[in-house]
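Work the whole structure out from these sequences, hints included.
With the first letter of the sequence shown counted as 1, position 285 gets the number 285 in the UniProt record's numbering; the numbers rise by one all the way through.
For the record, the hints were derived by calculation from the structure and aren't laboratory data. No false leads were slipped in.
Derived DEER-like restraints, expressed as beta-carbon distance ranges:
no.	residue 1	residue 2	range
1	ARG264	GLU299	31 to 41 Å
2	PRO245	ALA267	28 to 38 Å
3	ARG211	MET1	41 to 51 Å
4	GLY96	ASN170	20 to 30 Å
5	ASP25	ASN170	20 to 30 Å
6	ASP312	PHE53	35 to 45 Å
7	ARG264	LYS2	33 to 43 Å
8	GLU299	ALA334	18 to 28 Å
9	PRO337	ARG280	28 to 38 Å
10	ARG265	ARG211	13 to 23 Å
11	VAL279	ALA334	22 to 32 Å
12	ALA175	SER52	29 to 39 Å
All C-beta atoms, glycine included, are put in the ideal place defined by N, C-alpha and C.
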Amino acid sequence: MKLLIWGAGAIGGTIGAYLVRAGHDVTFVDCAADHVKSIREGGLHIEGPIESFTVHAAAFTPGEVTGQWDHVLLCTKAQDTASAAGQLADHVTPAGCVVSVQNGLNPLVLNATFGQDRVLGSFVNFGADYLSPGVVHYAGRGVVVIGEQDGQLSERARALHAALRDFDSNAVLSANMFGYLWSKLGYGALLFATAVTNDGIADALARPEDRTLYIALGREVMRVALAHQITPEAFNGFNPAAFLPGASDDMAQASMDEMVAFNRRSAKTHSGIWRDLAVRKRRTEVDAQLGWVVHFGQEHGLPTPITARLVDLIHELESGQRELSRENLAELHAVIPAVTPAT
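What follows is the structure in structure tokens.
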């Protein structure tokens, strides 16, 4: 398959490298000129405990790339979706499609540029990090899902699914794409909460004194999903049923334990959110992820005090008004509702 991968970092670089190795015709586009230069001159290097290898493929910055593609994988940071859509619009054929391979509900953003009938969603939960120009660390496997927004198992969705299986043989073609994306918002909310500290994901989620917070946060997000008529999907230890109305505390604790176990198996100890704050000193995806939860919570008349405070905390960390510390979690504990709805 001929593919344009827009964004060659942790997600796009990892998937793209495997697709190149499998024989697909891949062109990379990335806004980091030094990364593009390194890929051109020495190839794209994948490193990590799973395997290490190098592939060679065409690479361009957005201002350099020419031509059109039938299939585009958009793998940028979620907050860059709208601007990336404007840049790549001329590079998608009239009958072509764009797949959002990102965190958040970005198909909704892409619809404004391309129309719903030309946009698919993809959900990935593997562990990877951009390390340096030309180098991506692939730390651990996780679920890979693709699907149409309307749930149709279309010919193009099947073709793209077949391609993604060259990256992960267990890739899923789903008729409930938004169910996965909303579940990732639930899990992602927990990751954002761990990222206000310097603790790794597994260590943070395992701390018994903070379990009440994580469970309350998960329930808050899943209540909004349910109100939005979403049927959340389970993945990699996150069991949305454990955070839905009627679920017991024991079910939630069991899901938390499974998430800890999943993250213990990965060489990626900290989230990309934490890396953005602590290492790369740049904006996170908080508005493009958790902003949706607050937005739809307001739309459905559901308060989201923990999520809203978490968004504010991340903004304060981004601006340097606050330092990473476990003490930040006290701010979230303080806004947990007196009775967190479980029924």
